[in-house]
Amino acid sequence: MKELIKGNEALAEAAIIAGCRHYFGYPITPQNEITAYMAKRMPEVGGVFVQAESEVASINMVFGAAAAGVRVMTTTSSPGFSLMQEGVSYLAAAHLPCVLANIMRGGPGLGNIAGSQGDYFQAVKGGGHGDYRLIVLTPAYVQEMIDFTILAFDLADKYLIPVLILTDGIVGQMVEPAEFPKDYKPNFYDKSWALTGAKGRPKNVVRTLWLDDYGVENNNIKLQQKYARIKAEFVMYEEFMTEDAEVILVAYGTPARICKAITKKLRNEGYKVGTFRLQSAFPFPEYRLMELALEKHVKGFLVVEMSAGQMVEDVRLSVRDYKPVNFYGRMGGVLPEERKIIEYTLDMLKGKVEVN
Amino acid sequence: MELKLIFDKPKTMTDTKTHYCPGCGHGVLHRIVAEVIDELGIKDRVIGIAPVGCAVTAYDYWDIDMCEAAHGRVAAVATGLKRARPDAIVFGYQGDGDLAAIGLAETIHAANRGELITIIFVNNATYGMTGGQMAPTTLVGQVTKTSPKGRNPNNFEGYPLRVAEMIAMLEAPVYVERCMVTSTESVFNTKRAIKKAFTLQMQGKGYSFVEVLSGCPNEWHINPVEANRWIEEEMTKFFPLGVFKDKYPEIK
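Residue numbers (my numbering), protein chains in the order written: chain D, 1 to 356; chain S, 1001 to 1252.
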C-alpha cells in the first residue's frame, strides 16, 4: 500500500529494509531527515547510529564498517560530500562496498540549502584523487529513493564498489506517495575478504598502498576491469515519448520531472517532443543516446540541468557531432524555467541548431 | 644434553623483515604488541589498524587481520570496525603526525565517545616517514627540516602537544598512560601498559590509550644509544611518564 512519505525518510527506511544496520552521519541541510530518522530507527532494529564529528570522520567510519563486511551507509549534502572525497577515494581503491548519498544543494562554497545539481562532475568523474569511479544512481521520485537505495546495496556488494545516490534537495524534501517492498531479501554475497579476526583462516588485509613497482598499477587495472564489467552489465534510464520525438529533452532528478511535464504539454499541442531521463549517471547511457542521435526523426537534444552545464558534457560525448546538443540550466538552487525550456524546444523544432 | 627453547618469535609476528631503521622504536613496540596478543590468546579476534607514517606497512609484520586508514583517520576507522564487529579486539597504531596533527579531531572524539578501542600512540617528536619535519610533539628548540633554527614558540611555531594529558582530561577514557622503550625495564613496563589496555577492552571497560616515547635516531641525526639517552633526559622533561588516568587500578 502506498503511503505519503518524504524522500529523505524513504531513503533511510529503504536502507533499513536492505539490511543496513550501520549508519554514520553528520548533520547538514537538506538531508537532516536522514540522520534524525536513523538516530531513532537504528536502535529499534538493533542497528548502530553514530553522529560523527565531521564528514571526514563519518566516511572513515564507513570505511571501517565496510572493511568489517557489513552493509553500511552515510548521507550528506554538497559541502559535506566535498569533505568525504578523501574517504571515497580510499573506499574505491580498497574495493569496499558501501552506499553513500549526496542530496545536492546550491554551491560552490557554503552556497545555500536549495536543491541543486552542481556536484555532477564530482560524483561522476571522481571527486577525490586517483583513477576511480562510483556507481551513481539518480532518483527523481520518492519511489525511486526507495527502489534505488535498495538496489544500491546489492550493486555495492555485487561489484565491491561504493554506490552513490545522487539527487537534489527537492527530491529529498518532497513528500509523495510511495511504497516499500514487502519481501526484499538480499542475495548472498561472498565476504570472505572482510576483517572479522583471522579465525581458522589466513589473515585478511584491507589496503590501498603498494610500494613495489607494479602493485598500484595492478590495482588500477583491476578497478578499470571492474568498471568495464559494470558498464557492460548495468545502466538505467527512462524514455518518455521518445519513439518519434524530434527534440529530446535530457535531464535527471527534478529537472527531468519538469521536462516530462513539458513533454506532455507540448505533445497535447501536437509537437513531437520526448524526455530522456538518466537513472544512472555512471554507467552513463551513452549507447542508447547514440542510437537516438542516429534516428532520422531526432533533430537534436536539449539538456536541462540545475547547474552551469555538467551532465551535458557526457551527452555531447555520447552524441558526438551527429546531432546538435543544446543546454539550458539555472545555478545556485534556482529551478529551470518552464517557459525557457519551451522556447528553446520550439526553436529546435523549427530547425534552429543553436538556441540559448 | 636436552635443548630447551626459552626465547622465540611471537606467533603474531610474521617472518617478514621490517623496514625500520636501526634504533627505531617501532620494531620493539611491534614485538611488544605481538607478545601481548599471544599472551591474551586473541590472535584470531584482533583487528589492527595501520597509520600513514613509518608504520604504514605494519600489516606485513603482524599475522592478524589488518586495516589501512587514511592519514589521521585511524580512530574513525577503528570506530567503524568495532561497531561492526563488537566481539573483535580493535586497536590503532599511530605516529605523532597521524594522531596529533591531521587526526587530532578523530582521536579526541573517538576517545570522548568512549569507543571500546585501544590506541597505541608512538611519539618520536618528528615526522620519520617524510624525512624529519616538525611534528606537533617536536620539542622546543629541536631542529627539524621544517624548523631549521629549532622549534621556536616565539615564532608562532607552538609548543609540543601533550596528547596523553589531553585524552586523560576527557570523562570517557578509562586508561591513559605514557611509557617509553629505551631500556629493558621500560620495555617491560610498556608491555604491562599495553596488556592492560587490551585487557580493559576485552572486558568492555572502555577506551584505552598508551603513548610510547620512541627513538628516531635517523632523523634526530644521532646514534641509537644517544637517541635513548635523549628520550630519557630531554623528552621525558616535557612528556612525563606515568599513568594519567586509570578507572580500574585493580585490573592488571
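Quick caveat, the hints were computed from the structure, so don't treat them as lab data.
We put the CB at the ideal spot given by N, CA and C, even for glycine.
Take these hints with a grain of salt, some might be off.
Stated by the list, open to error - Below are the BS3-like pairs computed for lysine-lysine, each with C-alpha atoms no more than 30 Å apart in a straight line:
1. K203(D) x K1009(S)
2. K191(D) x K1245(S)
3. K1245(S) x K203(D)
4. K1017(S) x K199(D)
5. K1011(S) x K40(D)
6. K1245(S) x K1191(S)
7. K1195(S) x K199(D)
8. K1004(S) x K182(D)
9. K1011(S) x K191(D)
10. K1205(S) x K203(D)
As the list claims (entries may be wrong) - Reference listing, derived: stretches of chain S covered by chain D, where coverage requires no fewer than 3 residues with Cβ under 8 Å from a Cβ of chain D:
11. 1083–1093
12. 1189–1199
**Message:** Flag every earlier hint the structure violates by its number, smallest first.
**Reply:** 2, 3, 5, 8, 12
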